[in-house]
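Colleague: For reference, the chains in residue letters:
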Amino acid sequence: MVATGSVVAPARKAASSSSHYRRSWAGWGFLAPFAVIFALVFLAPIAYSIYLSVYQDKLIGGNSFVGFDNYQQALTDPVFWDSVRRVGLFLVVQVPIMLFLALLAALAIDGGRLYGAALFRISIFLPYAVPAVVATLMWGFMYGNQFGLVGSINDTFGISLPDPLGPGLVLASIGNIVTWEFVGYNMLIFYAALRVIPVSLYEAAAIDGASEFRIIRAIKLPAIRGALVIATIFSIIGSFQLFNEPNILHYVAKNAINTQYTPNMYAYSLSFSGQQYNYSATIAIIMGLLTMVIAYTVQLRGMRKAL
Amino acid sequence: MITTPRRRLLRAAAVTAVAALALSACGGASDDGKSSNTGGAKDVAAALKKGGTITVWAWEPTLKAVAKDFEAEHPNVKVKLVNAGTGNDQYTALQNAVKAGKGVPDVAQIEYYALPQFSLAKSVADISSFGASGLDSTFTPGPWASVKQNNGIYGLPMDSGPMALFYNKEVFDKYKVAVPKTWDEYVTAAEKIHAANPKAYIANDIGDAGFTTSMIWQAGGQPFKVDGEKVSINLGDAGSKRFADTWQKLLDKKLLAPTASWSDGWYKGLGDGTIATLTLGAWMPANLESGVKAGAGKWRVAPMPQWEAGANATSENGGSSLAIPTASKNKALAYAFADYATAGKGAQTRVDAGAFPATTKQINSPEFVNKKSDYFGGQEINKVLAASAEDVVKGWSYLPFQVYANSIFNDTVGKAYVSKTTLADGLQDWQKKSVSYGDQQGFTVN
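These protein sequences, in sequence, are chains A and B. Each step along the first sequence adds one to the number in this note's numbering, with nothing skipped, and position 229 is 229. Each step along the second sequence adds one to the number in this note's numbering, with nothing skipped, and position 427 is 427.
Among the hints, erroneous ones may be present.
These stretches of chain B come out as covered by chain A in the derived footprint (C-beta under 8 Å, 3 or more residues) [to be verified]: (1) 255 to 261; (2) 294 to 301; (3) 331 to 345; (4) 414 to 425.
Derived DSSO-like pairs: lysine-lysine, alpha-carbon spacing no greater than 27 Å straight-line [as the list claims (entries may be wrong)]: (5) B/LYS254 - B/LYS420; (6) B/LYS68 - A/LYS58; (7) A/LYS58 - B/LYS254; (8) B/LYS78 - A/LYS58; (9) B/LYS80 - B/LYS68; (10) B/LYS42 - A/LYS58; (11) B/LYS122 - B/LYS176; (12) B/LYS174 - A/LYS58; (13) A/LYS58 - B/LYS329.
Bear in mind the hints are in silico, worked out from the structure with no lab data behind them. Note that the coordinates shown come from a computational prediction; the quantities given were computed from them, not determined experimentally. For glycine and all other residues, C-beta sits at the position ideal for the given N, C-alpha and C.
Make a model of the complete structure from these sequences and hints.
Modeller: Here is the structure:
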């Protein structure tokens, strides 16, 4: 028995290792369609961006390797940091307001006391179905104090409202558009999370005589903490990538929204009107890293609290 | 948008990166005019005989008929007319094609203000040797000076935009305001009109780089000086100051409608008399006719207001040339077409279709000058416009990176329109940012 075992064992070993070998290639085969596309549309562009970011191409003097010069420039570029600060401010003001409103709407609809909850749900969600470009154009028209809604209100009542597209208010006006667009979307995330809470918990709470607010605080909010974290992370990323709304409003409020209003707009104008592709790639990479770090930190913190 | 945060992030990174990838393409060096035919009027005649296909990038609508006529006259030649975008969009596409060394057109429409950017980078060829050097008296002085740089000729003028004052006569009559002959009178007229009707303004302006540079040009300023790779920018020179001081008065008293040009509100204002004047290039009448139907019969043209009473200085505003990219494989044939479209028979075809000519022959022809315009109440508007073409102030030049500089105009000078920043300070800021871009691009600035 011992002899046969020792004879068989190596053979089995060889067989198993060769089949293991074959199996691993079969795996790659299944992975290939994804891997090829992933490499093509994700890895290659990132690699190329990194490659771009260590060169400098000048109108006079041509292309040359500059190492980390572009990064050094970006880290001390006041224009870039201004735009980062702007989206940072946008983030700390707009995101809490939007998520609070979304949470309120989700709780109201989930509460069961609202008449016509389905109608509310769909109408709050509807703005999300409007493309951002269309939404911004629409709001841009309403904000207009010459020929838009604000202008009409001023005319009708003989008053002079502050210009929503003036330099002082335009960031708030953008925040309003974004909030309008995304409250419904976030509401849906919260609402979905609320729906999966077992009914037995509510029954138990009712038996204990808990009030509706007590139920929200003790059951509903802790149960949707995960959804809250997710929504927050989406919103952080969305804020850092702010582009459509300011870029479209730029055409009606050129003097209030400059071409470096947000980091994405800065990268865009660097490459499309300045032909500074290298520096633009650098800005994009730095913003990508920054967003990743912040989103990851929020995720870690959110999860730790959940435990 | 319903994706995980990571995928959204990835997508963002990928989009940025792909954009960068597409933009800079392969980054291959452009071949500096190694194509076979590099000169000689004989080459042009030979190329016409031999025939072939050329690609033309242009957005000018009147070129369509010209291309057709050209093909009819030269049956072996095929002209592929492509609209690769208007203005900046086309320049971006052209720059990318040049960089990639692929898909470069044989002829490209390039506005005068953008031409230095291409000529300096040698993206467009010097066409003097093809016969352009013999066209001195063919074109009006303003556009001709715009295509000549560093002893070379980098394009053939296609149209021009000598400036004039377009005004709504009805408004001026109604409020009994005289049509201003100087810019000081213009400020006074602006006050009167706005006082008579708080909804009416003498003009709209929210900060426009093209307009501002044309005004400084007329005021005798030369803020941009270019000598090869040496560039000097001085937006505080006498001419710039002159403009800034006068225009600041209009801004301080809020006498300019905060309406963007070419917006719906703008067209509406031009029709209903709330925007009373336009100081623009001679290409404007066709746009008024098609865009502001309500203004028919109300508008008139007067010479541009002057900085000194009794003077007759004007400047150019807009207008484009046809240039031949260095990477074109068939420059001789391309030149033949550009010549036909701008100096040859095409010039007349285009004028008939409504373009404002850059050729002395068309601009001086009695048929053109004496043409009465119904839209302008039967006024012979071309008389005023043609006279303006003669009086363009000499010595102006644009920056070799004017396209970029104009793109940041509203970031800097624009502040004067919405905050306490003055125009003069805004111009200084514009200068500072333009200098720093120039330095970054390897020019020796100031």
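Colleague: Next step is simple, just say for each hint if it's right about the structure.
Modeller: Hints and how they fare:
1. For the segment 255 to 261 of chain B, the stated coverage by chain A holds: 4 residues have a C-beta nearer than 8 Å to a C-beta of that chain, and at least 3 were required.
2. For the segment 294 to 301 of chain B, the proposed coverage by chain A is not satisfied: 0 residues have a C-beta within less than 8 Å of a C-beta in that chain, short of the threshold of three.
3. Remark: the segment 331 to 345 of chain B is not confirmed as covered by chain A, as 0 of its residues place a Cβ nearer than 8 Å to a Cβ of that chain, below the required three.
4. Look at the segment 414 to 425 of chain B against chain A: 5 of its residues bring a Cβ nearer than 8 Å to a Cβ of that chain, three or more, so the hint holds.
5. Taking the CA atoms of B/LYS254 and B/LYS420, the gap is about 12 Å. The hint holds against a cut of 27 Å.
6. Of the supplied pair hints, the one linking B/LYS68 and A/LYS58 is violated, its CA atoms being roughly 40 Å apart against a limit of 27 Å.
7. Distance hint between A/LYS58 and B/LYS254 is unfulfilled; the C-alpha atoms sit about 42 Å from each other, more than 27 Å.
8. Restraint check for B/LYS78 and A/LYS58: the C-alpha separation of about 36 Å exceeds 27 Å, so the hint is violated.
9. For the hint pairing B/LYS80 with B/LYS68, the CA-to-CA distance comes to about 10 Å; that is within 27 Å, so the pair holds.
10. For the given pair, B/LYS42 sits about 37 Å from A/LYS58 by alpha-carbon distance, which is inconsistent with the 27 Å threshold.
11. Using a Cα cut-off of 27 Å, the hinted pair B/LYS122 and B/LYS176 is violated, with the two alpha carbons roughly 54 Å apart.
12. The suggested pairing of B/LYS174 with A/LYS58 is violated, with an alpha-carbon distance near 56 Å, which exceeds 27 Å.
13. This hinted pair checks out: A/LYS58 and B/LYS329 have alpha carbons roughly 26 Å apart, not beyond 27 Å.
Of the hints listed earlier, those the structure fails to meet are numbers 2, 3, 6, 7, 8, 10, 11 and 12, in rising order.
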